[in-house]
Amino acid sequence: DSGVTQTPKHLITATGQRVTLRCSPRSGDLSVYWYQQSLDQGLQFLIQYYNGEERAKGNILERFSAQQFPDLHSELNLSSLELGDSALYFCASSVETGWSDTQYFGPGTRLTVL
Amino acid sequence: AQSVTQPDIHITVSEGASLELRCNYSYGATPYLFWYVQSPGQGLQLLLKYFSGDTLVQGIKGFEAEFKRSQSSFNLRKPSVHWSDAAEYFCAVWYNQGGKLIFGQGTELSVKP
Chain A
1 DSGVTQTPKH
11 LITATGQRVT
21 LRCSPRSGDL
31 SVYWYQQSLD
41 QGLQFLIQYY
51 NGEERAKGNI
61 LERFSAQQFP
71 DLHSELNLSS
81 LELGDSALYF
91 CASSVETGWS
101 DTQYFGPGTR
111 LTVL
Chain B
115 AQSVTQPDIH
125 ITVSEGASLE
135 LRCNYSYGAT
145 PYLFWYVQSP
155 GQGLQLLLKY
165 FSGDTLVQGI
175 KGFEAEFKRS
185 QSSFNLRKPS
195 VHWSDAAEYF
205 CAVWYNQGGK
215 LIFGQGTELS
225 VKP
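Protein chains in written order, with this note's numbering: chain A, 1 to 114; chain B, 115 to 227.
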């Protein structure tokens with residue numbers, strides 16, 4: 001158990017809908033990272049937040065957005081969902097903001113878009 | 115373009131045999147290099163990482179990796195594989211230029227008794 005929690009575990013929705021994925025980092029970790037893992041695209045880094053502010057951006061679509069709240073939990077919002085958005089979405093956390101810091105991964109949220 | 119290549123999609127080794135998983139990355143200033151393992155239905159776990167210094171890096175679970183700048187490679191090794199090592203392994207590279215973390219396609223490791 002990494003100490004990172006993600007809810008929900010599974011999510012099934014329809015095209016065009018909007019969903020919110022939630023991540024609670026390990027106690028004391030200030031950075032949160034979001035990743036997408038799909039059969040087509042493999043593993044992709046989406047976005048990083050540190051202490052409430054966006055720090056790095058990867059291959060995140062404009063239909064997707066994220067934020068980190070004062071209690072340090074983070075939410076990833078996916079809107080206008082398409083079939084291709086079906087994937088496993090991971091959240092990770094680390095103590096600091098540098099990429100040299102070890103990231104601890106949550107178990108993921110599996111999103112299925114029908 | 116920045117890219118990470120794991121040439122082997124699937125590898126099968128016998129328990130007790132040695133293992134080497136290959137990872138090559140496109141040229142850039144010395145990047146940060148990582149190896150992660152993903153067991154079925156699980157998130158990723160960091161095995162080891164390299165930023166600078168000694169090019170031979172020791173990680174958890176008996177794994178090590180060697181950074182070879184001349185070959186743009188960061189291969190993962192283990193002298194004796196255990197059945198519990200069966201999993202998918204990802205190499206990842208952080209490029210300071212552009213602030214991008216890029217993953218390889220992954221190598222699935224099967225261990226036969």
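It is worth saying that the hints were derived from the structure and are not from the lab.
One or more hints might be untrue.
Away from chain B, derived, C-beta distances all over 10 Å, residues of chain A [as the list claims (entries may be wrong)]:
| hint | residue |
| --- | --- |
| 1 | Ser2 |
| 2 | Val4 |
| 3 | Ala14 |
| 4 | Arg18 |
| 5 | Val19 |
| 6 | Arg26 |
| 7 | Asp29 |
| 8 | Leu43 |
| 9 | Gln44 |
| 10 | Glu53 |
| 11 | Asp71 |
| 12 | Glu75 |
| 13 | Val95 |
| 14 | Ser100 |
| 15 | Gln103 |
| 16 | Val113 |
List time: in silico EDC-like cross-link candidates among lysine to aspartate or glutamate, alpha-carbon distance up to 20 Å [as the list claims (entries may be wrong)]:
| hint | chain 1 | residue 1 | chain 2 | residue 2 |
| --- | --- | --- | --- | --- |
| 17 | B | Lys182 | B | Glu129 |
| 18 | B | Lys214 | A | Asp1 |
| 19 | B | Lys182 | A | Glu62 |
| 20 | B | Lys175 | A | Glu54 |
Note that CB positions come from ideal geometry on N, CA and C, so glycine has one too.
These are the hints, each one checked on the structure:
1. Ser2: Ser2/A is in fact no farther than 10 Å from some Cβ atom of chain B, at 7 Å.
2. Val4: The claim breaks: Val4/A does not keep its Cβ more than 10 Å from every Cβ of chain B (closest is about 8 Å).
3. Ala14: holds (25 Å)
4. Arg18: holds (24 Å)
5. Val19: holds (19 Å)
6. Arg26: Nearest chain B Cβ is 12 Å from Arg26/A, so the label holds.
7. Asp29: Holds: least Cβ distance 14 Å, greater than 10 Å.
8. Leu43: violated (4 Å)
9. Gln44: Not fine: 7 Å to the nearest Cβ puts Gln44/A too close to chain B.
10. Glu53: Label holds. Min Cβ-Cβ 14 Å, cutoff 10 Å.
11. Asp71: Nearest chain B Cβ is 22 Å from Asp71/A, so the label holds.
12. Glu75: holds (18 Å)
13. Val95: holds (13 Å)
14. Ser100: At about 5 Å from chain B, Ser100/A fails to clear the 10 Å cut-off, so the statement is violated.
15. Gln103: Its Cβ does come within 10 Å of chain B, the nearest being 7 Å, so this is violated.
16. Val113: Holds: least Cβ distance 20 Å, greater than 10 Å.
17. Lys182/B with Glu129/B: Judged against 20 Å, a Cα distance of about 27 Å means the pair is violated.
18. Lys214/B with Asp1/A: violated (27 Å)
19. Lys182/B with Glu62/A: Roughly 37 Å between the alpha carbons, so the hint for Lys182/B and Glu62/A is violated.
20. Lys175/B with Glu54/A: violated (34 Å)
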